[in-house]
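Line by line, the protein sequences are chains X and W.
Its first residue numbered 1, the first sequence is counted upward by one per residue in our numbering.
Its first residue numbered 1001, the second sequence is counted upward by one per residue in our numbering.
No lab work stands behind these hints: they were computed from the structure.
Don't be surprised by glycine CBs; every beta carbon is placed ideally from N, CA and C.
It cannot be assumed that every hint is accurate.
Label pairs and their computed distance ranges (CB to CB) [to be verified]:
1) X:A45 x W:L1042: 42 to 52 Å
2) W:K1002 x X:L65: 27 to 37 Å
3) W:R1047 x X:I32: 53 to 63 Å
4) W:A1049 x X:A103: 53 to 63 Å
5) X:K9 x W:E1066: 32 to 42 Å
6) X:R63 x W:E1024: 41 to 51 Å
7) X:V23 x W:R1012: 46 to 56 Å
8) X:K9 x W:L1051: 21 to 31 Å
Which bits of chain W does chain X cover? Going by a derived footprint, with three or more residues having C-beta under 8 Å, they are [unchecked claim]:
9) 1017-1027
10) 1034-1042
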Amino acid sequence: MNASTPAMKRYNRRMLWAFAAYVVALFAANSIDNHYHLQGGVLIALSVVPALPIIAVVAIIGRYLVEERDEYLRQRLVTCMLFGTGVLLAVGTVYNFLSGSGAIDPMPRLWIFPVWAMGWFAAQAFLCLRDRFAGQPA
Amino acid sequence: MKNRLRVLRAERGWSQGDLAERLEVSRQSVNAIETGRYDPSLPLAFRIADLFELSIEQIFVNPALEAGEE
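Next up, chain X with everything else stripped away, as it sits in the complex:
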């Protein structure tokens, strides 16, 4: 995203922290689980730890939408998120029918957030290109 507004700069900075936290949390949770073979409530708590930065990403997006004063950029982000949601629903529906009929093996649901993000980024890339070529700055 183009860091041209103060809100977007804060958004980018928060996102970097969230993704760094995700990598650390995922690595730490896997390492601890491999070494100590935890069970019960501790295992549940440990399993949830890597999900927290992902949830934080959603909160960061929400906060950006509140803080961003540029209405066009705000609308563009919402459009991209809706496109990502549409892609996720379409892929998820097809996947459910394929796995339900036994045509493919069920997979871990870890792909849900990446599919949403890929749809979002695809829309973002398309809109950025459209903006670039729709009218050259004078």
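Given the structure of chain X, go ahead and fit chain W onto it with the hints provided.
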């Protein structure tokens, strides 16, 4: 929505970035409004009108009238 933003801006010798700075929006916003890909909210339309010291109707073409002309 069709508008005269590009002409008005050019008359004053402003770049899209200059206009964006005056309106406190991004250059992308100015570009999107100029090319008719984005219709500004009423508050932003009033800010644009105030900046050029014109009425909103003198900057933005009424879509109903535009359709009637065709």
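Each hint, compared with the structure:
Hint check: X:A45 to W:L1042, Cβ distance near 50 Å, so the stated range 42 to 52 Å holds. With their beta carbons about 29 Å apart, W:K1002 and X:L65 fall inside the hinted range of 27 to 37 Å. Judged by the Cβ atoms, the range 53 to 63 Å given for W:R1047 and X:I32 holds: they are separated by roughly 54 Å. W:A1049 and X:A103 have their C-beta atoms about 59 Å apart, which keeps the hinted 53 to 63 Å range intact.
A hinted range of 32 to 42 Å holds for the C-beta pair X:K9 and W:E1066, which are about 39 Å apart. At about 20 Å, the beta-carbon gap between X:R63 and W:E1024 misses the expected band of 41 to 51 Å. Under the hint 46 to 56 Å, the C-beta atoms of X:V23 and W:R1012, about 49 Å apart, fit the expected range. At about 25 Å, the beta-carbon gap between X:K9 and W:L1051 stays in the expected band of 21 to 31 Å.
By the rule of at least three residues with a Cβ nearer than 8 Å to a Cβ of chain X, the coverage given for the region 1017-1027 of chain W holds, with 5 such residues. Restraint check on the region 1034-1042 of chain W versus chain X: 6 residues with Cβ-Cβ distances below 8 Å, three needed, restraint holds.
Checked against the numbered hints above, the structure violates only hint 6.
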